[in-house]
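Once you've looked at the hints, dock chain B against the given chain A.
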Amino acid sequence: MKPFLIILILLIAIILQTTAAPFLSISGNSPNLILVLVLILVTFKDFKEIWWVIVLASLFLELFSGLMFGLISLSLICAVYLIDWINKNFSATKLWMKTVFIGSGILLYNLLLIVLGRLFHLDLFFSLKYLFINIIYNLLIMIIFFSLVYGAKKVFYQE
Amino acid sequence: MKKIFRHPLVLSLLIIGGLFFLNYQGLLKSPQDLFFRLFAPIEKIIYQTSLKTSNFFNSIDSINRLNTENSELKQENEELLSKIIQLKEMAWENEFLREQMNLPDSENRQLILADIVGQDSSGLGKYILIDKGGKQGVKKNAPVITAGNILIGQVIELTDSFAMVQLITDSNSRINALIQESRIAGLVKGGQESSLIIDLLPQREKIKEGEVVITSGLAGLFPKGLLIGQIQEVSFSDVQISQKAKIKTAADFNKLEKVFVIIKDNN
Chain A
1208 MKPFLIILIL
1218 LIAIILQTTA
1228 APFLSISGNS
1238 PNLILVLVLI
1248 LVTFKDFKEI
1258 WWVIVLASLF
1268 LELFSGLMFG
1278 LISLSLICAV
1288 YLIDWINKNF
1298 SATKLWMKTV
1308 FIGSGILLYN
1318 LLLIVLGRLF
1328 HLDLFFSLKY
1338 LFINIIYNLL
1348 IMIIFFSLVY
1358 GAKKVFYQE
Chain B
63 MKKIFRHPLV
73 LSLLIIGGLF
83 FLNYQGLLKS
93 PQDLFFRLFA
103 PIEKIIYQTS
113 LKTSNFFNSI
123 DSINRLNTEN
133 SELKQENEEL
143 LSKIIQLKEM
153 AWENEFLREQ
163 MNLPDSENRQ
173 LILADIVGQD
183 SSGLGKYILI
193 DKGGKQGVKK
203 NAPVITAGNI
213 LIGQVIELTD
223 SFAMVQLITD
233 SNSRINALIQ
243 ESRIAGLVKG
253 GQESSLIIDL
263 LPQREKIKEG
273 EVVITSGLAG
283 LFPKGLLIGQ
293 IQEVSFSDVQ
303 ISQKAKIKTA
313 ADFNKLEKVF
323 VIIKDNN
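Respectively, the protein sequence lines represent chains A and B.
Read left to right, the first sequence gives residues 1208 to 1366 (my numbering).
Read left to right, the second sequence gives residues 63 to 329 (my numbering).
Excised from the complex, chain A in its bound form (with noise of 0.2 angstroms):
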């Protein structure tokens, strides 16, 4: 995929994050695009190669988050390294698989968060129904770029 045309759809997530998907929360959760977004990419393509996309995805959100500066990045930096480190060790090839290390990643991004956050005593909230709703809620919108991104894949294929 073209850099810029990665730029241009973080670009949109980030637009979109702040802008519509506060408006489809659900118990005070809404859907954090960009990391889908990166953590699909980290399924398919090696960090070596995708290291920058995450740094920008970073940037972008701690530009739009009032929290304290580095907090988003270095949570989602490690939770996607970690991520790419099982996935190159258990390689998913099928979708339940990519679906599960999906999973663990928004797991390990919200700990790292809520983690860092207390570090620098940050009193964010936190529950395990917060956390459960907010891993199921992002999995729905993965199965929905998948869908998306397989739909499209299969229309240009067939012309």
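It should be emphasised that the hints constitute simulated quantities derived from the structure, not laboratory data.
Where is the CB? At the ideal position from N, CA and C, for every residue including glycine.
You may find that some hints are simply not true.
[To be verified] Now the stretches of chain A that chain B is said to cover, found in silico as 3 or more residues with beta-carbon under 8 angstroms: (1) 1214 to 1225; (2) 1231 to 1240; (3) 1279 to 1288.
[Said to hold, decoys possible] Lysine-lysine pairs mimicking DSS-like chemistry, simulated, CA-CA at most 30 angstroms apart: (4) A:Lys-1295 - A:Lys-1360; (5) B:Lys-306 - B:Lys-150; (6) B:Lys-202 - B:Lys-320; (7) B:Lys-310 - A:Lys-1336; (8) A:Lys-1336 - B:Lys-317; (9) B:Lys-317 - A:Lys-1295; (10) B:Lys-65 - A:Lys-1252; (11) A:Lys-1336 - B:Lys-308; (12) A:Lys-1209 - B:Lys-106; (13) B:Lys-65 - B:Lys-145; (14) A:Lys-1255 - A:Lys-1361; (15) A:Lys-1255 - B:Lys-65; (16) B:Lys-286 - B:Lys-320; (17) A:Lys-1209 - B:Lys-65; (18) B:Lys-306 - A:Lys-1336; (19) B:Lys-320 - B:Lys-91; (20) B:Lys-310 - B:Lys-145.
[Stated by the list, open to error] Some chain B residues near chain A, calculated using beta-carbon distances under 8 angstroms: (21) Pro-70; (22) Asp-95; (23) Phe-97; (24) Glu-105; (25) Ile-108; (26) Ser-116; (27) Gly-180; (28) Asp-182; (29) Tyr-189; (30) Leu-191; (31) Gln-228; (32) Gln-254.
Chain B in isolation, oriented as in the chain A frame:
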């Protein structure tokens, strides 16, 4: 040694470290402002369209409740009308006494109207981005309100043309508050899923549901008398030193489109 710095994880962390340093020095403000200025028009359109769509679906959902709500509101309206008449009389008396004693005008407040451009990207914090910043006179820690003197939050970060506002429902927000009727002071903080909690209320005091909570003006961060909400549920325990109560916010944070930033307050 060189190999370590070429590792993508180390490289990514070094870049983030560099950006953290630049942000700490305030050098990211201008690029951030430029980025916001480039995308704010699109953001505003999408945000407002999403808000209208959400309101439309909410109104369909609430059609069944409208009849009962309507009769309740009619009754409340009648009660409020009589209160308004009493308050008008008191306001006139107050104004008259102020004139006699040569006291300054109590309503000497300067506001700036701002549009909401976007919301927080992390999902964990409750922040909004507004289209007014340092150039328009907005300052850090400035209180943000909505129509009806209802407190929304406080400016925590700003660029030349934009400001990030921490909503009162954010878990890191702390406001010195007062229960209007009983004059009991407490600390309002953000709770779960956009709720508010008033904490540190004295154990012996009796707190009634429905009582109005306003800012106390203590610590000087927020002006006195801004509306926060109404007491919804009091949680009382013999083991704790103080009482807690859940607050029903006066503002509907899901329907916010425009807000006011207080840039000067003489109260």
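Here is how each hint holds up against the structure:
For the stretch 1214 to 1225 of chain A, the assignment as covered by chain B holds, since 6 residues bring a beta-carbon within under 8 angstroms of that chain's beta-carbons and 3 suffice. With 5 residues having a beta carbon nearer than 8 angstroms to a beta carbon of chain B, the stretch 1231 to 1240 of chain A meets the requirement of three or more and the stated coverage holds. Restraint check on the stretch 1279 to 1288 of chain A versus chain B: 5 residues with Cβ-Cβ distances below 8 angstroms, three needed, restraint holds. Our distance criterion of 30 angstroms between C-alpha atoms is met by Lys-1295 (chain A) and Lys-1360 (chain A), whose separation comes to about 25 angstroms.
Between the alpha carbons of Lys-306 (chain B) and Lys-150 (chain B) the distance comes to roughly 34 angstroms, so the proposed pair goes past 30 angstroms and is violated. Restraint check for Lys-202 (chain B) and Lys-320 (chain B): the C-alpha separation of about 19 angstroms stays at or below 30 angstroms, so the hint holds. Pair hint Lys-310 (chain B) plus Lys-1336 (chain A) holds up; C-alpha atoms about 22 angstroms apart against a cutoff of 30 angstroms. The straight-line distance between the Cα atoms of Lys-1336 (chain A) and Lys-317 (chain B) is roughly 25 angstroms, inside the 30 angstroms bound, and the hint therefore holds.
Of the pairs offered as hints, the one joining Lys-317 (chain B) and Lys-1295 (chain A) is violated, with about 45 angstroms between alpha carbons and a cut-off of 30 angstroms exceeded. Under the criterion of a C-alpha separation no larger than 30 angstroms, the hint pairing Lys-65 (chain B) with Lys-1252 (chain A) is consistent with the structure, at around 22 angstroms. A hinted pair counts as satisfied when its Cα atoms are at most 30 angstroms apart, and Lys-1336 (chain A) with Lys-308 (chain B) qualifies at roughly 20 angstroms. Using a Cα cut-off of 30 angstroms, the hinted pair Lys-1209 (chain A) and Lys-106 (chain B) holds, with the two alpha carbons roughly 29 angstroms apart.
Restraint check for Lys-65 (chain B) and Lys-145 (chain B): the C-alpha separation of about 75 angstroms exceeds 30 angstroms, so the hint is violated. Under the criterion of a C-alpha separation no larger than 30 angstroms, the hint pairing Lys-1255 (chain A) with Lys-1361 (chain A) is consistent with the structure, at around 29 angstroms. For the proposed pair Lys-1255 (chain A) and Lys-65 (chain B), the alpha carbon gap of about 14 angstroms is at most 30 angstroms, so the pair holds. Annotation: proposed proximity of Lys-286 (chain B) to Lys-320 (chain B) holds, straight-line Cα distance about 22 angstroms (limit 30 angstroms).
Taking the CA atoms of Lys-1209 (chain A) and Lys-65 (chain B), the gap is near 27 angstroms; set against the 30 angstroms cutoff, the hint holds. Restraint check: the Cα-Cα separation between Lys-306 (chain B) and Lys-1336 (chain A) comes to about 23 angstroms, which is no more than 30 angstroms; the hinted pair holds. Between the alpha carbons of Lys-320 (chain B) and Lys-91 (chain B) the distance comes to roughly 24 angstroms, so the proposed pair stays at or under 30 angstroms and holds. Of the pairs offered as hints, the one joining Lys-310 (chain B) and Lys-145 (chain B) holds, with about 21 angstroms between alpha carbons and a cut-off of 30 angstroms not exceeded.
Among the interface hints, the one on Pro-70 (chain B) holds; its C-beta lies about 4 angstroms from the nearest C-beta in chain A, closer than the 8 angstroms criterion. A cut of 8 angstroms between beta carbons decides the hint on Asp-95 (chain B): the least distance to chain A is about 10 angstroms, and the hint is violated. Proximity of Phe-97 (chain B) to chain A holds as hinted, the smallest CB-CB distance being about 6 angstroms (cut-off 8 angstroms). Of the supplied interface hints, the one on Glu-105 (chain B) holds, with its beta-carbon coming within about 5 angstroms of a beta-carbon of chain A, less than 8 angstroms.
A distance limit of 8 angstroms between C-beta atoms decides the matter here; for Ile-108 (chain B) the minimum to chain A is near 4 angstroms, and the interface restraint holds. Because the smallest distance between the Cβ of Ser-116 (chain B) and any Cβ of chain A comes to about 4 angstroms, under 8 angstroms, the interface hint for this residue holds. For Gly-180 (chain B), the shortest C-beta to C-beta distance to chain A is roughly 4 angstroms, which falls under 8 angstroms, so the interface hint holds. With its C-beta approaching chain A no nearer than about 6 angstroms, Asp-182 (chain B) sits inside the 8 angstroms limit, and its interface hint holds.
Because the smallest distance between the Cβ of Tyr-189 (chain B) and any Cβ of chain A comes to about 3 angstroms, under 8 angstroms, the interface hint for this residue holds. The interface hint given for Leu-191 (chain B) is met, as the beta carbon of that residue sits about 7 angstroms from the closest beta carbon of chain A, less than 8 angstroms. For Gln-228 (chain B), the interface hint holds, the least distance from its beta-carbon to any beta-carbon of chain A being 6 angstroms, beneath 8 angstroms. Annotation: interface hint on Gln-254 (chain B) holds; nearest CB of chain A at approximately 6 angstroms, less than 8 angstroms.
Hints 5, 9, 13, 22 from the earlier list are contradicted by this structure; the remaining hints agree with it.
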